[in-house]
Amino acid sequence: MELLDFIGGILLLAGAAFLLFGGLGLVRMPDIFNRIQAGTKTTTLGTLFTLAGAACMHPDWGFKLLLIGVFLIFTNPLSSQVLASTAHHRGMKKTVLTKVDRLAEDEGDAGSDANTNRNEDKL
Amino acid sequence: MVDLLFILAAIIAGGAFMLALLRFVLGPTRLDRVVAFDVLTVISITFIVFAALIEGRSVYLDVALVYALLSFLGVIAIARYFEDRF
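Residue numbers (the numbering used here), protein chains in the order written: chain A, 1 to 123; chain B, 124 to 209.
To be clear, the hints were calculated from the coordinates, so they are not data collected in a lab. Model, not experiment: these values are computed from the prediction. All residues carry an ideal CB built from backbone N, CA and C; glycine is no exception. One or more of the hints may lead you astray.
As the list claims (entries may be wrong) - Here are the in silico distance ranges between beta carbons for each label pair: (1) Arg180/B / Glu107/A: 25 to 31 Å; (2) Asp106/A / Leu192/B: 28 to 34 Å; (3) Leu193/B / Lys93/A: 26 to 32 Å; (4) Arg153/B / Ile73/A: 25 to 31 Å; (5) Met124/B / Asp106/A: 51 to 57 Å.
Said to hold, decoys possible - Derived list of chain A stretches under chain B, where covered just means 3 residues or more per stretch with a C-beta under 8 Å from a C-beta of chain B: (6) 36-45; (7) 89-101.
As the list claims (entries may be wrong) - Which chain A residues stay away from chain B? Per the calculated CB distances, all over 10 Å, these: (8) Asp106; (9) Glu107; (10) Gly108.
With the rest of the complex left out, here is chain A:
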């Protein structure tokens, strides 16, 4: 079991490194959309690595750790998507390096349709 503990420690270290990169991206990225990307993706992978490392150290905890991991895989992209759509609808400032904005193009085509949809949403 010594080897399994060692693999678990390495996985914990890798997960913590991904978390650190996520925090670094959160501080250094220029606008909110890049911050959402850098913050959410790296922390998802980092936490999954950490859960895998804990599962290597305590194999009998596997089911609970798997449950947390599956829950995280489902919820983390969802919350980041809701945050990004909120930021876009409120017209948050984009960095000058942004080349393509498909959502703005789609809503530009729809024109007044977007407004009626929003009103129906509120009802």
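Since the structure of chain A is provided, determine the placement of chain B on it from the hints.
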């Protein structure tokens, strides 16, 4: 050896927490703070798993699961709230 790796991982995760906290304090807009809050909660789940490993008790994993559920609902609620107001 494994203990050393464990301590190193905890210190690095603490650094990640500090960086996210810096964005939470600096954040020019409200939504930046919400994003930082989201990242902080995910890092906190990692800390709870670390606590479970240190104590050697699996009860903390239930705490981590409920914490993940509540933080997810909180972020969704705040984001939907900001979509209509202001």
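Here is what the structure says about each hint:
1. Arg180/B / Glu107/A: 25 to 31 Å: violated, 51 Å
2. Asp106/A / Leu192/B: 28 to 34 Å: holds, 33 Å
3. Leu193/B / Lys93/A: 26 to 32 Å: holds, 31 Å
4. Arg153/B / Ile73/A: 25 to 31 Å: holds, 27 Å
5. Met124/B / Asp106/A: 51 to 57 Å: This hint holds: roughly 54 Å between Cβ atoms.
6. 36-45: holds (count 5)
7. 89-101: Since three or more residues must qualify, the claim that chain B covers the region 89-101 of chain A holds, with 3 doing so at under 8 Å.
8. Asp106: Label holds. Min Cβ-Cβ 18 Å, cutoff 10 Å.
9. Glu107: holds, 15 Å
10. Gly108: holds, 20 Å
Hint violations for this structure: number 1 only, all remaining hints satisfied.
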